[in-house]
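Peer 1: Each chain is listed here by its residues.
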Amino acid sequence: MKNTWLMRLGQTQELVMALIGVALAIFFAAYSSAFANSDNAPTLAAYVAPIMFFAVAEVFVLTLGEIDLSVGQVYVLSPFLVVFLNDTGLNLVVCIVAALLIAALIGWINGIITVWLRVPSFITTLGTVFALKGIVLLASDGIQVNPAGTGSLASVLGGWSFSEIIWALVVAVIAHLIFRRTVFGLHITAVGGNQIASGEAGVKVGRVKIWCFVLCAFLGGLIGIFDGYHIGSLNPGTDGLQLMFYGVAAAVVGGTALTGGRGTMVGAAIGALVLGILEDGFNIIGVNAFAYQLVLGLAILGAMVLNIQLERVRAGRSSAGKGSMARAVLAVGGAGGDGPADVGPGDDHDRTGTAAGAGSEVK
Amino acid sequence: MTELTGQAPVQTGGSVLSAEGITKSFGPVTALRGVDLHVEPGEVLGLVGDNGAGKSTLVKIITGYHQPDSGQLYMEGQPVSFKSVQDARQHGIETVFQDLALVDELSVYHNLFLNRELTVGGPLRWLSNGRMRQAAQEYLEDIKVNIPSVDSPVEKLSGGQRQAIAVARATRQEGVKVLLLDEPLAAMGAKETSLIIELIKGLAKDRGVSMLVIDHNYTHIFELCDRVNVVQQGRVTLDQKTSETSLVELTEFMVSSYREQVRAGE
Chain A
1 MKNTWLMRLG
11 QTQELVMALI
21 GVALAIFFAA
31 YSSAFANSDN
41 APTLAAYVAP
51 IMFFAVAEVF
61 VLTLGEIDLS
71 VGQVYVLSPF
81 LVVFLNDTGL
91 NLVVCIVAAL
101 LIAALIGWIN
111 GIITVWLRVP
121 SFITTLGTVF
131 ALKGIVLLAS
141 DGIQVNPAGT
151 GSLASVLGGW
161 SFSEIIWALV
171 VAVIAHLIFR
181 RTVFGLHITA
191 VGGNQIASGE
201 AGVKVGRVKI
211 WCFVLCAFLG
221 GLIGIFDGYH
231 IGSLNPGTDG
241 LQLMFYGVAA
251 AVVGGTALTG
261 GRGTMVGAAI
271 GALVLGILED
281 GFNIIGVNAF
291 AYQLVLGLAI
301 LGAMVLNIQL
311 ERVRAGRSSA
321 GKGSMARAVL
331 AVGGAGGDGP
341 ADVGPGDDHD
351 RTGTAAGAGS
361 EVK
Chain B
1 MTELTGQAPV
11 QTGGSVLSAE
21 GITKSFGPVT
31 ALRGVDLHVE
41 PGEVLGLVGD
51 NGAGKSTLVK
61 IITGYHQPDS
71 GQLYMEGQPV
81 SFKSVQDARQ
91 HGIETVFQDL
101 ALVDELSVYH
111 NLFLNRELTV
121 GGPLRWLSNG
131 RMRQAAQEYL
141 EDIKVNIPSV
151 DSPVEKLSGG
161 QRQAIAVARA
171 TRQEGVKVLL
181 LDEPLAAMGA
191 KETSLIIELI
201 KGLAKDRGVS
211 MLVIDHNYTH
221 IFELCDRVNV
231 VQQGRVTLDQ
241 KTSETSLVEL
251 TEFMVSSYRE
261 QVRAGE
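Which chain is which? The protein sequence lines are A and B, in order.
Residues in the first sequence are numbered consecutively from 1, following the numbering used here.
Residues in the second sequence are numbered consecutively from 1, following the numbering used here.
Hints may contain errors.
[To be verified] No more than 30 angstroms apart at the CA atoms, straight line, and that leaves these computed lysine-lysine pairs for DSS-like: (1) Lys144/B / Lys177/B; (2) Lys144/B / Lys241/B; (3) Lys204/A / Lys83/B; (4) Lys191/B / Lys204/A; (5) Lys83/B / Lys191/B; (6) Lys205/B / Lys204/A; (7) Lys60/B / Lys241/B; (8) Lys205/B / Lys191/B; (9) Lys83/B / Lys144/B.
Just so you know, these hints were derived from the structure itself, not from any lab.
Full structure from sequences and hints, please.
Peer 2: This is the structure in structure tokens:
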């Protein structure tokens with residue numbers, strides 16, 4: 001088959017985003033010598049790592065066609081949990097493990113409310129956002145505290161400049177393996193792509209969904225603890241929603257579809273890298289902080305448009321005159337000709353044709 | 001045709017699925033008035049009839065979606081009653097849903113193996129993609145389904161190819177004995193139609209899976225089926241081998257019985 005790895009790579013948004021990331025890095029490096037400076041590496045790493053965590057966490061739920069708005073708030077809560085537990089005299093490691101379990105439990109609650117009570121995850125997790133925010137503020141009295149413990153453990157977890165980015169990369173690799181190489185990962189994509197068909201095939205749809213929420217919240221808790229040690233102080237007023245949305249943006253920019261059925265951990269990691277480079281680069285070249293938000297918004301929109309256009313080309317649904325930019329990108333990637341050509345004329349008709357009813361319905 | 005009730009003797013001849021005296025009413029509306037039907041192993045049985053003749057009610061009873069008011073279903077001679085679709089499926093009755101069966105985003109081989117993945121690593125359930133790809137390729141070659149690559153996502157396939165994969169997948173299901181196909185040739189070009197016909201016939205013959213095909217197109221029925229049953233006014237009014245009748249004869253039968261109905265109604 002002529003479906004070589006190069007062509008497959010060329011068809012992916014990951015490659016496009018990686019090229020954009022490289023281009024941005026070159027641009028910033030050319031603009032200011034401070035960007036390519038080794039002093040900038042820890043700063044860049046600090047931008048990228050949390051976004052990468054959130055992006056990877058969100059890919060699990062976004063691929064299902066769901067979303068977890070509360071992961072950022074779990075991030076705010078978890079280091080506080082460690083502090084509170086530690087104050088009772090428990091061993092620090094025990095506290096961290098317990099905090100992570102509570103984070104996972106929050107994900108489980110999100111999951112069962114969404115799956116069993118059929119509340120859309122957007123609403124479920126929106127509720128969790130405010131509930132968790134309230135808990136953090138009540139428990140902390142709105143006062144900043146220092147993370148529990150110092151020394152080598154703190155430094156491994158996040159104190160050292162690069163420990164967070166190393167953790168982020170390790171998590172991204174593990175998440176990628178789970179996502180692409182295990183039955184569970186395959187079922188995530190299957191459920192997100194066609195829930196009814198997956199259920200008909202015997203996939204335990206509810207269980208897959210609940211586990212994804214658990215994983216997402218767990219990762220939020222993990223990066224919360226790491227970042228607590230990295231920053232060195234815990235602010236109960238941190239805006240978890242904004243952090244979460246950076247993660248969603250990175251995931252989507254990297255090629256994960258909000259509609260479900262299509263997710264990529266590699267893309268999420270690359271998307272996080274691109275957003276981190278943007279944020280860091282803008283800071284260095286001294287773009288006005290207000291203008292930065294504007295440019296970031298436009299960059300996300302641009303990436304989304306590209307994402308959707310690429311999708312059309314890949315699925316062979318592009319009509320003439322549309323998606324030409326994406327097609328040009330594909331042509332550069334060496335993938336021309338594979339997409340639209342082999343789709344039969346009856347295709348679209350067929351999709352909308354029969355059996356749109358419930359699983360057991362027969363005409 | 002006589003009204004049969006559940007007391008009728010168990011059919012011999014090794015039918016994989018048979019129905020005797022099935023009746024079903026929905027309030028004042030009587031949908032089925034005593035249906036007798038049997039499907040032999042490896043046989044392709046066509047089910048035709050006008051809208052409202054009771055065809056769809058019959059199919060829903062066979063798939064466990066409805067329960068009959070009276071009458072008895074048999075699987076391989078044993079009386080069975082399906083409490084649910086799941087129940088019917090456990091007895092080996094599968095339905096192919098053209099659009100609901102496949103996950104567009106997954107590759108052909110992942111679709112074929114969905115929830116029956118080949119794995120290594122025990123509880124880790126690591127995917128053996130290589131083995132699945134190869135097995136899928138061999139299976140599809142075996143049943144002569146021609147697709148560009150088992151790696152391509154299903155959404156890239158044509159309608160006929162998708163239907164072929166859906167049928168192939170249902171046939172590979174463990175313990176499947178009867179496959180229900182609802183207009184398997186709808187919205188397909190001539191070339192794809194003949195491919196699907198070959199596929200269904202081949203699977204029935206080689207794998208011994210019986211096929212129950214519902215179709216409005218009599219030409220398709222004659223090309224596809226070994227035997228045809230006509231459902232009219234809640235009864236099976238004609239049961240004939242397609243080799244012993246013809247398109248003209250069947251059409252005439254339908255038209256004349258329709259005229260009778262009209263006359264009776266006057």
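Peer 1: When the structure is checked against the list of hints, which entries are broken? Sort them ascending.
Peer 2: Result: hints 4, 5, 6, 9 break, sorted rising.
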